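Trainee: Heads up: the protein sequence lines correspond to chains A and B, in order.
Each residue of the first sequence is one higher than the one before, starting from 4 at the first, in the working numbering.
Each residue of the second sequence is one higher than the one before, starting from 66 at the first, in the working numbering.
To be clear, the hints were calculated from the coordinates, so they are not data collected in a lab.
Some clues are possibly wrong.
[Said to hold, decoys possible] In silico EDC-like pairs for lysine to aspartate or glutamate, Cα to Cα no more than 16 Å straight-line:
| # | chain 1 | residue 1 | chain 2 | residue 2 |
| --- | --- | --- | --- | --- |
| 1 | B | Lys287 | A | Asp12 |
| 2 | B | Lys73 | B | Asp108 |
| 3 | B | Lys354 | A | Asp80 |
| 4 | B | Lys111 | B | Glu69 |
| 5 | B | Lys287 | A | Glu14 |
| 6 | B | Lys75 | B | Glu107 |
| 7 | B | Lys255 | B | Asp217 |
| 8 | B | Lys138 | B | Glu79 |
| 9 | B | Lys339 | B | Glu158 |
| 10 | A | Lys62 | B | Asp282 |
| 11 | A | Lys62 | A | Glu143 |
| 12 | B | Lys73 | B | Asp94 |
| 13 | B | Lys128 | B | Glu69 |
| 14 | B | Lys139 | B | Glu165 |
| 15 | B | Lys287 | A | Asp80 |
| 16 | A | Lys23 | A | Glu65 |
| 17 | B | Lys75 | B | Asp115 |
| 18 | B | Lys287 | A | Glu65 |
| 19 | B | Lys111 | B | Glu68 |
| 20 | B | Lys139 | B | Asp208 |
| 21 | B | Lys202 | B | Glu165 |
| 22 | B | Lys354 | A | Glu153 |
| 23 | B | Lys287 | A | Glu153 |
| 24 | B | Lys135 | B | Glu68 |
Since this is a predicted model, take the numbers as computed values, not measurements.
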Amino acid sequence: MSKKIERHDFEPRIIGFVCKWCTYSGADLAGTSRMDYSPNVRMVRLPCSGRIDQQFLIKAFEQGVDGVIVSGCHPGDCHYNEGNYYARRRNLAFRQLLEFNGIDLRRMEFSWISAAEAIKWTQVIDEFTNRVRELGPHDEYGDMLDPYAERLLKVEGSA
Amino acid sequence: MIEELRNKAKELLESGELDVVIGYADGSDSARTTPIFVRNPEDVEKLVVDGRCVNSLPLFLNKRHEYPRKGWKKTGIVGKGCDIRAITQLIAENQLRRDEVYIFGFPCDGVVSHPNNWDGSLNDGNIASKCSDCDVKIPTDADFYPGGTLPDADRSGPYQITAPQVLNLMEMEHSDRFAFWRDSFDRCFKCYACREVCPHCSCNICITDRTQPNWLDQAAHKKGVFAWHMTRAMHLVGRCTGCGECTRACPVDIQVDAFNQHMKDVIQGSFDYKSGYSEEEKPPLITFKVDDREDFIR
């Protein structure tokens, strides 16, 4: 029973920063249960969602990803007791900052996914991938070139 | 007012209670004042207090700077209401103990937005935007206040959005906002004046000066500039006391403090926290409540 494979013109690149105790295990469960979900997400496993520094997210956007997903344990379930509470506050602030910078907030997703919620993981990823696919490539940030690099490219192109 | 302040400063310097008084003196031209470190009691005559005193002096109390380590046991500092707010925030962040400073407060009618706009007096045309809705014209805390005791003032209201450009920006489409910042940041050549002038940038080695790992590109191209300004704003979330020095110091006229103004509103709306009003309350991002807002999380 396999899903019909759809082909799209644009496949978004999505990076996921996930907590190893909940979301990573949840994704693992989705894999071992052979559930289908979009292959666009690349995951970075971190000890806790509280470990996610805003630098990771800024760097991800800087490197030209189309969407970023941040995910961790439900409140109260944190392996380190309170890491996800800090993550929640930090992400609230960071989202507002992104919006103020003019980056579309639909490119950033935050969710709580526990180790048992493989189905939720597949749903979140599928929905997020579709959403980002509709938004198209995030080139306004990713394609900003450093003027020196631009010049180098021109020189190389003309040679 | 100023005579009273000078006399008190002189008295405390002569008695040895204070090692130094940090204040304002006349600067290189008539429109400017410059920070002065008064150690000699005769020099108190140089102290001035008026609408030209734009600098935020608590910068010198931050541990990042050499001054607190000079062996001075007690530092006197002349502060406007907003500077005293910054001192309170430094105390809340353990940069400073309250008994290490002696605060000379004074009633402030606002300051000029930039020395270039100074025309001899303070008026609606040249007053800084942060001063229009200021609720600390009478300071929150001071050891010395002209005329004796500090009068009470009502500060229960919320922070106001003092910068109209924040509102204008929030009304734009996000792509227009991105274009606005892209054009602004095109001018940035990473002099880091916004960091150097900030009383709350406390790191001994800034993340942008660290090259291993290299989180922020040091080159002044737009990507790195975006990353720098976002990082800077994020590090000041819930800590910025809105002195607006970053914008004033910017040599290429980028509205750097718009980020901080916006985040101030966010923090106030989400966590009901006003930075710089309490020495005990922790800044919002180093603490949490179990029932924090989470309507943005699915």
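Trainee: For this structure, which hints from the list above don't hold up?
Mentor: 1, 5, 7, 12, 13, 15, 16, 17, 21, 22 and 24
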